[in-house]
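Take 4 as the starting number for the sequence shown in this note's numbering and just add one per residue.
FYI, nobody ran anything at the bench for these hints, they're computed from the structure. Among the clues, some could well be false.
Said to hold, decoys possible - Heads up, simulated DSSO-like pairs for lysine-lysine below, C-alpha to C-alpha not over 27 Å straight-line:
| no. | residue 1 | residue 2 |
| --- | --- | --- |
| 1 | Lys42 | Lys216 |
| 2 | Lys200 | Lys137 |
| 3 | Lys36 | Lys203 |
| 4 | Lys137 | Lys36 |
| 5 | Lys139 | Lys118 |
| 6 | Lys60 | Lys200 |
| 7 | Lys137 | Lys54 |
| 8 | Lys216 | Lys54 |
Keep in mind it's a predicted model, so treat the numbers as computed, not measured.
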Amino acid sequence: MIRLIFTLAINLLISLPTFALVVDQKEIKFTAKTETLLKGDIQYALDILPKRKFNTKYPELQGLDSLGIMQEPNVRIIISKTAYIVEKPVGFFDHLNTVDEKFIGHVLGEQSVQKMSENTFKVKVPGESGYSYKIKTYFDSDDISTLPNSKVVRAVTQARKMDVISQSASSTTYKELTKFSKYFVGGIQVSSFIPIKENKTLVLNYSLFAVKKYYAIEKLLRRSVQEEAMAQKDLINSY
């Protein structure tokens with residue numbers, strides 16, 4: 004489900020169609036506007052802060068940090084939210100796709116994926132500056148949950164509390180990314196899948212990452228988030 008959130012643009016900038024309107028909502032707590040999303044728009048918000056300012060500005064989002072990345076020294080905290088509608092029924096996002104190596108490989112584009120265990124994958128990024136990282140992914144719904152511990156449950160619960168519309172989500176996925184390159188300490192993404200129409204699903208993503216402060220370049224990270232959302236939408240639709 005994740006191509007590579009916040010990959011530095013210097014390494015992985017990609018050429019993508021520009022017909023989708025990617026709209027900066029300015030505030031992380033923005034309300035997704037389904038009427039414009041149905042027209043193909045993507046909405047997003049991004050903030051980059053020192054740890055102390057993050058805790059002051061977003062106290063309700065501290066629970067997303069199930070990995071303890073905010074305890075790392077010399078980092079900036081990156082919080083983002085993206086919203087888009089894909090041409091898939093909400094039942095497409097089930098616990099099987101969450102751990103399907105083929106599906107994960109498809110939505111990660113040019114990156115290669117190797118399944119290490121039921122919920123863990125090793126991903127290799129190609130190129131001269133290529134590197135590898137690890138993804139752990141879990142699923143949660145009313146019928147089945149694979150969330151492994153209370154910290155992960157808290158992160159998922161916290162993300163779903165941020166939006167009223169998330170309360171009607173049919174399912175949620177949780178991902179943690181670790182063992183990164185020299186740029187990133189790690190990150191968490193919680194995605195909620197909300198039925199809009201028979202074959203249309205609203206995807207709401209909250210992502211929390213810690214990046215080494217010298218690489219926290221807002222212009223590059225903002226562009227990377229925009230391109231990431233466009234790529235994710237297109238890759239899900241094409242599966």
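Consistency of the hints with the structure:
Note on lysine 42 and lysine 216: the hinted pairing is violated, with a Cα-Cα distance of about 37 Å set against a maximum of 27 Å. The suggested pairing of lysine 200 with lysine 137 is violated, with an alpha-carbon distance near 34 Å, which exceeds 27 Å. Note on lysine 36 and lysine 203: the hinted pairing holds, with a Cα-Cα distance of about 14 Å set against a maximum of 27 Å. Of the supplied pair hints, the one linking lysine 137 and lysine 36 is violated, its CA atoms being roughly 33 Å apart against a limit of 27 Å.
For the suggested pair lysine 139 and lysine 118, the alpha carbons sit about 10 Å apart, so the restraint of at most 27 Å is met. A C-alpha spacing of about 35 Å is found between lysine 60 and lysine 200, which places the hinted pair above 27 Å, so the restraint is violated. Note on lysine 137 and lysine 54: the hinted pairing holds, with a Cα-Cα distance of about 24 Å set against a maximum of 27 Å. Proposed proximity of lysine 216 and lysine 54 is supported: the alpha carbons are some 11 Å apart, at most 27 Å.
Hints 1, 2, 4, 6 from the earlier list are contradicted by this structure; the remaining hints agree with it.
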